[in-house]
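Participant: Below, each chain spelled out in residue letters.
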Amino acid sequence: MTDGHLADAIYLEPLTTATVRRIVEIEKPDSILPTFGGQTGLNLAMELAREGFFRQNPVRLLSANPDVIRKAEDRQAFKDMLAEIDEPFIESEVVNCLENALAFAAAVGYPVIVRPAYTLGGSGGGIAQNREELREIGANGLRLSPTTEILVEKCISGWKEIEFEVIRDGKGNVVTVCAMENIDPVGIHTGDSIVVAPTQTLADKEYQMLRSAALNIIGALEIEGGCNIQFALHPESFRYAVIEVNPRVSRSSALASKATGYPIAKVAAKIAVGYGLDEIRNAVTGKTYAFFEPVLDYCVIKFPRFPFDKFVYAKRGLGTQMKATGEVMSIGTSLEEAVMKAVRGIELGMDTLRLAEYAKLPLRRIREIIEAQDDTRIFAVYEALYRGITAESLHAITGIDPFFLHMIANLARMEAKVQFEELDESLYGAAKRMGFLDATLERLSGQALPPRRYAAYKTVDTCAAEFDAETPYYYSSFGEDSEVPESRGKKILTIGSGPIRIGQGIEFDYCSVQAVWALRDLGYETIIANNNPETVSTDFDIAHRPLFRSPHPGGCGQFADGGKARRGHRLVQFGGQTAIKLAKHFKRRGADPRHRPGDDRRRRGSGKVRRDPGNLRYQKARGQDGLYAGKGAASRRCPRLSRAAPPLLCLGGQNMIIAYTAYDVEEYMGIILKTSSKTRFLSTNT
Amino acid sequence: MMDAYLLLADGTKFTGRGCGAGGIAIGEVVFCTGMTGYQEVLTDPSFYGQIVGMTYLCREITASTVSTWNQGKPGPRVSLRAMAKEPSNFRQDRSLQAFLKAQNIIGLEGDRHLPVLTRLLRENGVMNGAICHGVEADEGALLAEIRSYRITDAVLSVTVGAQECHRPENPRFRVGLFDYGFKESIRRSLLKRGCEVTVLPAHTTAREAKALGFDGLMLSGGPGDPADNDFVIAEAKQLFLSGTPIFAICLGHQILSLATGAKREKLKYGHHGANHPVKDLATGRSYITSQNHGYAILADSIPENLAALSHINLNDQSVEGIRYRDYPVFTVQFHPRGLAGATGHRRSLRRIHPVDGGGAPCLKDRILRRFSFSVPARSSSDRRRNSIMPVCNVAGPCGKRALKSFSSIQTPPPS
Chain P
1 MTDGHLADAI YLEPLTTATV RRIVEIEKPD SILPTFGGQT GLNLAMELAR
51 EGFFRQNPVR LLSANPDVIR KAEDRQAFKD MLAEIDEPFI ESEVVNCLEN
101 ALAFAAAVGY PVIVRPAYTL GGSGGGIAQN REELREIGAN GLRLSPTTEI
151 LVEKCISGWK EIEFEVIRDG KGNVVTVCAM ENIDPVGIHT GDSIVVAPTQ
201 TLADKEYQML RSAALNIIGA LEIEGGCNIQ FALHPESFRY AVIEVNPRVS
251 RSSALASKAT GYPIAKVAAK IAVGYGLDEI RNAVTGKTYA FFEPVLDYCV
301 IKFPRFPFDK FVYAKRGLGT QMKATGEVMS IGTSLEEAVM KAVRGIELGM
351 DTLRLAEYAK LPLRRIREII EAQDDTRIFA VYEALYRGIT AESLHAITGI
401 DPFFLHMIAN LARMEAKVQF EELDESLYGA AKRMGFLDAT LERLSGQALP
451 PRRYAAYKTV DTCAAEFDAE TPYYYSSFGE DSEVPESRGK KILTIGSGPI
501 RIGQGIEFDY CSVQAVWALR DLGYETIIAN NNPETVSTDF DIAHRPLFRS
551 PHPGGCGQFA DGGKARRGHR LVQFGGQTAI KLAKHFKRRG ADPRHRPGDD
601 RRRRGSGKVR RDPGNLRYQK ARGQDGLYAG KGAASRRCPR LSRAAPPLLC
651 LGGQNMIIAY TAYDVEEYMG IILKTSSKTR FLSTNT
Chain L
1001 MMDAYLLLAD GTKFTGRGCG AGGIAIGEVV FCTGMTGYQE VLTDPSFYGQ
1051 IVGMTYLCRE ITASTVSTWN QGKPGPRVSL RAMAKEPSNF RQDRSLQAFL
1101 KAQNIIGLEG DRHLPVLTRL LRENGVMNGA ICHGVEADEG ALLAEIRSYR
1151 ITDAVLSVTV GAQECHRPEN PRFRVGLFDY GFKESIRRSL LKRGCEVTVL
1201 PAHTTAREAK ALGFDGLMLS GGPGDPADND FVIAEAKQLF LSGTPIFAIC
1251 LGHQILSLAT GAKREKLKYG HHGANHPVKD LATGRSYITS QNHGYAILAD
1301 SIPENLAALS HINLNDQSVE GIRYRDYPVF TVQFHPRGLA GATGHRRSLR
1351 RIHPVDGGGA PCLKDRILRR FSFSVPARSS SDRRRNSIMP VCNVAGPCGK
1401 RALKSFSSIQ TPPPS
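Chains as they are written, first to last, in our numbering: chain P, 1 to 686; chain L, 1001 to 1415.
Since the hints were made in silico from the structure, they are not lab data.
Keep in mind that this is a model prediction, so the values were computed, not measured.
All C-beta atoms, glycine included, are put in the ideal place defined by N, C-alpha and C.
Be aware that one or more of the hints could be misleading.
What the hints assert, rightly or not - Interface residues of chain L toward chain P, partial, derived using beta-carbon atoms under 7 Å:
(1) Met1035
(2) Thr1036
(3) Gly1037
(4) Thr1055
(5) Tyr1056
(6) Arg1112
(7) Val1116
(8) Asn1275
(9) Pro1277
(10) Ile1288
Please model the entire structure based on the sequences and the hints provided.
Facilitator: This is the structure in structure tokens:
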């Protein structure tokens, strides 16, 4: 976003206090806004405050003062604050003898987690279910800790994890923008969890209880702007605990904004400069004010995108440390539909939750994968449900709420039905409503379907259609009741770049945004399609018609219709790999993809020898499909190559590797073919 | 499950799966945008005579034990989007289907029609309609019946038959709760605050109520057009004049307003949901409130010498609260429920308006608490002087001026 379009003055400098001091000297700003740059911005502000910067200079800190930040970030200050306003937190105590540990556990109740201080990888810790176990684990932990100290913490694994996005203005007006529920219970970082908005398993009583607590906390912290509060809720009582508070707009705020249509960052910025929530217009409806709580008439799923396709040998286990690089968001009129869309959007080459690899594994292995709690657990759960394991027994292993397991089971049952039963009109309709694509149904049923286009576009309007929306955004769903007004202008659809992953951040997203702005200037009606909530392109005020959907080839038929751009054009060259890959699908559908640079890639696959601007020579390029080809290339070439010892270069779309032996080629081809059954690749000597 | 459909007065028909009880239900079709609280909506007597379209996918768990539900009172008919087949909550004791059946609620489930229905109602205003589940009906005749349908005797249909007294452990105050279709949660909140609650049937006269010697009265919410209740309005006027502290919500607020000479209007599609922003004009603070009403009081018609507007709706500027001068009476349109606010500074006790600070559970609690706190101990020698609800800037018996102007007010003729 370091773009003249966005600010009057832009500095490309390291984010240090020295830089800030210098910039303040040059620009002489009135105030500094630290709450929009994530943790980096907050830390920088804290450091400046410690250095006494705000005392020496006539610069104010907006939105959050150092005291507020400390209260939210410092563990002890946070606990003191919560205790003061009578909100429960996860109780813990550092003890140095077993008696104290037992006394603490007796006070907070079992189970408790024991974490010895200063031991490698937390060895010597564990969960104690009762007094006897705590004696054993605690004694062990004390013995292993070099300082003879252990932290005893109340164990809340298995509790529901609920997040609230709350926003408060200087007058003390507060609203909750969105409540989100993690499908995975407490224990997995929320960035790695599949998240659902709005909450699904909370009845009104629980919801209101947590909402009141959230408003209570933001009020006590006196935050002026956005704030994210995470709660753990006991699944079988009204007990809850505050896990964490982020006194700033966060990753979740982006998700909440896109899920509800409420522009949190924009509103928070206006609050920072002194506006009240009841003075800021709701830009989506154009009629109501920012002081309201959005209501949804759809479901939203956030699915994390993991880097394990690149870091094949990395530890895949999930825990309290975040491993995902990005996320996709999908919107559906049912939870099932939203999940199906999300799975297609993470670009693992899947069109249902069934992973081909797991379909071959014995149930025993599936169970092990589920217990290991890695990034593919949801697919293993799906496989188990597909094979008829009950939701109840999976609930016992995973702690995932039966409600979500039943939802996944619905999908598994539908997949099996399509495979083994005749695909008649009613089954087709039911499958479509659950978000199965025509292409998927053809694959599963082995039956060709007549081409048809059943995509209705629905709106995200913050108010469940209670008010007329001026600048809503759209999502597609099966059905005929489209909520998108027909327009006759010249239209161009720009395909976005999908989730953030290793090797591709949001640079292509901003390319798409620039493209849209340029087209706007030329008088086109712009449509943008993307599924990444962390982007600018999905903001409601960038394109005329923002479309929330995955750039997935299976949906190209709908895409050709996308936002009713039938007579218009599609731009694929701004969205990076994700969008370029769609070019051929558009072509097949008879739509005209306006893409030029993308052609290069296709030519590369067609076996021509050419020189590229980087002066790398492609020798004896060979483009083929399938594992056989990979193996063939390796067997034909490698013996000879290995004698000469020049490494073999393999190019497979988004993946590239330097292979030194035939074994490397085989292994790598296996990996890239796992994620996509059809890969063109190019091999060359270097 | 059998097929069912929803037929609107303009002839629009939505088909779907039937759920709950079978039969035909004619009513006024409204939509409700709340995302939680299905069982609360399904048991809300304020929806009497109405068909409620729930805009959110009905995924909600049907939780909770029966005791927390208003049992036996006629509530809404319902149009759902999709029912959770496997809801999950630790308090759950039955499925939604079983609950609908038990409550004799006729339902229609269809996952596509609600957005369309909402748009239709938003643009054309509330409309009559009928849900037909599992029975054959002549559509022409049904349509005629739908068009001529009018909600009548709404309050009388939902009010209790006889007085009921509920006593907390150590009652501090005695409160009379006029039942125009009250929600359980109101009674529970009063009990929680140490009020002995006597639920009074809507047709209780002012004289009867006065004879019972309550410390304060509460007029509950309820269904229908407020102007339909001549008798209740006339009695409310007497109650008002008697100087008893009164707190009225929703329909109670409308009835009291009509009793003091204000006029009501029908809203295009009403306020049904849990996210209505209300601004307190005295403090400038705003709150998110839960609301359920199809009529509103006209701001211009509030008698200036008696009362003043205290709360407005931020979306459409409609009347949300009225503060009466010289009388210990305050009324709000919204349900002081589900609204979180923070703690009251004690000084806020001087006003009826909630003032935030940090700490207490919800606005309802605070309003109710203030209500109960401000009611004088019964032994007080001069009830009027001490009783002041913080409301009435008070002090003092009603001035002559107020009495005089009030006596000139007529109960509005039924429209």
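Participant: Does each hint fit the structure? Answer for all of them.
Facilitator: Results of checking the hints against the structure:
1. Met1035: This interface hint holds because 5 Å falls under the 7 Å limit.
2. Thr1036: At about 4 Å, which falls below the 7 Å cut-off, the nearest Cβ of chain P leaves the hint on Thr1036(L) intact, so it holds.
3. Gly1037: This hint holds: Gly1037(L) lies near chain P, its Cβ roughly 4 Å from the closest one there, short of 7 Å.
4. Thr1055: holds, 4 Å
5. Tyr1056: holds, 6 Å
6. Arg1112: holds, 5 Å
7. Val1116: holds, 5 Å
8. Asn1275: At 4 Å from the nearest chain P Cβ, Asn1275(L) passes the 7 Å test, so the hint holds.
9. Pro1277: holds, 5 Å
10. Ile1288: holds, 5 Å
In this structure, every one of the numbered hints holds.
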